[in-house]
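A.B. asks: Sequence order for the protein chains is A and B.
Note that my numbering has the first sequence beginning at 1, numbered continuously upward.
Note that my numbering has the second sequence beginning at 1, numbered continuously upward.
Careful: at least some of the hints might be erroneous.
Partial list, computed: chain A residues near chain B (C-beta under 8 Å) [to be verified]:
| id | residue |
| --- | --- |
| 1 | V11 |
| 2 | V13 |
| 3 | S15 |
| 4 | L17 |
| 5 | A36 |
| 6 | V40 |
| 7 | S248 |
| 8 | P302 |
| 9 | E306 |
| 10 | A320 |
| 11 | T324 |
| 12 | S327 |
Everything labelled a hint here was simulated from the structure, so no lab data went into it.
Yeah, the Cβ is synthetic: ideal placement off N, Cα and C, and Gly gets one too.
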Amino acid sequence: MNPYLGTAVLVLVTSALFVVPLIPSLWELHRKSDAAALSVVQQHTGEIRYFADSFRGYIQSLAPLLKECGRSGRMVAGTMMDGTDYVVLGCRGEALRLPVSSKEQDFQVLIAASGDLVVPPNTAFSKDMYVRGRLLGGTDNTYRAILGERDLRLGDRSSVLRWVHAVGDFHAGTDCRLYGRVSAEGAIRLGTGCRFSRLHAPSIEIGQAPRLDHPSPVDSQSLAAGDEGARVLHDGNFEIPPGPFGRSLVVRGRLHIRSGARVYGNVKSWKDAVVEAGVWVKGSLVSARNLVIGPNCRIDGPAIAERQIFISTGTQVGEAEHLTTVSAPKIEVAEGVRICGSLWAREHGQAVAKS
Amino acid sequence: MIYLLYSIVALICIYTLRHYWFTLNRLFGFQRHPYIDIDAADWPPVTVLVAAHNEEKVIANILSALMTVKYPAHKMLVVPVNDRSTDRTRAIIDEFVKQFPGRIRPFHRTGGKGGKAAALKDAMELVETEIILIFDADYIPGAGLIRQLSAPFFDPEVGGVMGRVVPLNVGANLLTRLLDLERAGGYQVDQQARMNLRLVPQHGGTVAGVRRSALREIGGWNDNTLTEDTDLTYRLLLCGWKMVYQNRSECYEEVPETWQVRRKQIMRWAKGHNQAMVTYGLRLLFGRHRATLRERIDGALLLGVYIMAPVTVLGWILALAVFYQGIAPLHGIVALLSLTAYAAIGNLAAFFEIAAAVKLDGNRQRICLLPFLVLGFTVSILAVSHAALAQLKDAVTGAEFRWDKTERFRKVTW
Chain A
1 MNPYLGTAVL VLVTSALFVV PLIPSLWELH RKSDAAALSV VQQHTGEIRY FADSFRGYIQ
61 SLAPLLKECG RSGRMVAGTM MDGTDYVVLG CRGEALRLPV SSKEQDFQVL IAASGDLVVP
121 PNTAFSKDMY VRGRLLGGTD NTYRAILGER DLRLGDRSSV LRWVHAVGDF HAGTDCRLYG
181 RVSAEGAIRL GTGCRFSRLH APSIEIGQAP RLDHPSPVDS QSLAAGDEGA RVLHDGNFEI
241 PPGPFGRSLV VRGRLHIRSG ARVYGNVKSW KDAVVEAGVW VKGSLVSARN LVIGPNCRID
301 GPAIAERQIF ISTGTQVGEA EHLTTVSAPK IEVAEGVRIC GSLWAREHGQ AVAKS
Chain B
1 MIYLLYSIVA LICIYTLRHY WFTLNRLFGF QRHPYIDIDA ADWPPVTVLV AAHNEEKVIA
61 NILSALMTVK YPAHKMLVVP VNDRSTDRTR AIIDEFVKQF PGRIRPFHRT GGKGGKAAAL
121 KDAMELVETE IILIFDADYI PGAGLIRQLS APFFDPEVGG VMGRVVPLNV GANLLTRLLD
181 LERAGGYQVD QQARMNLRLV PQHGGTVAGV RRSALREIGG WNDNTLTEDT DLTYRLLLCG
241 WKMVYQNRSE CYEEVPETWQ VRRKQIMRWA KGHNQAMVTY GLRLLFGRHR ATLRERIDGA
301 LLLGVYIMAP VTVLGWILAL AVFYQGIAPL HGIVALLSLT AYAAIGNLAA FFEIAAAVKL
361 DGNRQRICLL PFLVLGFTVS ILAVSHAALA QLKDAVTGAE FRWDKTERFR KVTW
């Protein structure tokens, strides 16, 4: 082969090899098919009612029909603009009546009830549900999502796949599965054995409403002057004794808060934190591992753990006027606990029997 | 000479492994977001400092955005830090003050030392709250951002917080698209991996926050540095305060649209970073302080990221030199392979990091631009090497640092 030709071929092949990966680059640079800024929802605030609010807007077109059915008591079926079938019920405390076979027990239509609704057991709803009155659900039901303008009560062993919002109270019987967001403007009450992910209400109660007998704070003037606000760093394990403790604390080991302690700062432990019975923490409680809160404690919060939180009977976290957050990948809450605000278990949350 | 080359190769291998470790952690490891779920709390009072020097093009956007965020209005005070502006910045700020009485307290600075750190230092006289959030004027915070950036401060160990910066003007030209990829790699992978692994997330000086008591403990803002954010990161670390990175606390920014502006920006960052390396490097590694062993190692590596550019250039020169002098490190082709492989793998690791970031962001076609990053890296390596040499010259001649403001490209809307 001619050496000049060989060199030329080599140069050409090398250039081609260099240019080949640039072809899709040049094409994309020219077309700008993916040149928009990363989508950051500027109005996103992590609002738990986001889906409920969207759904309320979605069914706005059914408002006149709901009003009319509520007056007449009749039932109307139709199709939404996006092709979703719906049934508007003019029921008043009667058993649910829908235009599908009762044997199927699977309602694949959006249901909008103009008044109170009673749902039979062993029923599945694969579309969202709107209830203008109260909802009384039977046992072993499966709901996709529910928006209720008053109280919602689910029977034992029911499941909610996406979200629930109650303008009144929300009550789930024992062993329910609440996979998505659950919020109420009144209270949320969960039976034991319920599993949850994200709950938010001014009052979240597990089992029977607790009769709270919490420790009372000491007069803040009894704290040593100058203590408040200062941060203490401690290497190794640490114990907060009974009585007032007026500082913020970071423990690079295990933290043990003894029964009767009153902690006025924020506290954090690198390892497990154990709070004994009858402790008051005015600030936040943070653990880089597990957090165990004993019975009859009062935590003003937030309470955060990077692994697991266990909250014992009779404890209250937050106040109705000062909502707070309890958050960890895994959370177990015993019967008789009250949380005011958000309870967010990213992986697994469960209401358990009295501890 | 050969031992120097060995050392450089070893250093680059360490950075390569670090890149891979971070990327694999982001793709397959446990992701730490301990504070992002705090959505209900007795929110603390905050002061939002908005650093502004001749920002007439952008200042109205950020002030408007801050007035609509979801945070108790009585607990949030916005302090625009108007640093010796000669354009309409002051007039625009004053108009907002009138429009939102009691919610904005301007700090008009007409003299004094130049630079953002010096301006923030002076503005501290207006700060009364424990939590301070900082934004540059070209950022546009979303409705939930102030709450998200305040939430980590419920942890008494947290001294600073950093959110994610997202370029807004991505589609402007090739440079902005490359910067978008670099930012994605830096935040989506690098910063979050450091957070996951309890290493040293870096304070970026904007979309960020600092605890006032922590700032007081470390001696306040350092106005003798070109990058007050890096300086702050290390001083907090040495005093036992943690920096938190919140990947989901995203905020739009404007990236440079011309190579000249980009070159100046990265040179300033490099100089400031190298300054921090000289000031804190040895103390961080060997001193008696509160940082953990993994923080010491990662912190030291982080301090070295900009000096690695001239070191890499030196490595290439040495590689050629030893080849032509016949001082082969091993023999024949193996030697050549080992000399070239480190560079290839080193680069590939960074590419891998950026590709992973693009995937994590759910983007698709922009990954096609990856080969063009060679261009961006080349410019960065040259600019950073130039900065290092200039810094060396400044140190010898005793010249003072000069703070160059990054030019804005947004159209004036106010």
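A.B. asks: Now look at each hint and say whether the structure bears it out.
C.D. replies: Verification of the hints:
| no. | hint | result |
| --- | --- | --- |
| 1 | V11 | violated (20 Å) |
| 2 | V13 | violated (18 Å) |
| 3 | S15 | violated (14 Å) |
| 4 | L17 | violated (12 Å) |
| 5 | A36 | holds (7 Å) |
| 6 | V40 | holds (4 Å) |
| 7 | S248 | holds (4 Å) |
| 8 | P302 | holds (5 Å) |
| 9 | E306 | holds (5 Å) |
| 10 | A320 | violated (12 Å) |
| 11 | T324 | holds (5 Å) |
| 12 | S327 | holds (4 Å) |
Figure legend: structure checked against the earlier numbered hints; hints not met, in rising order: 1, 2, 3, 4 and 10.
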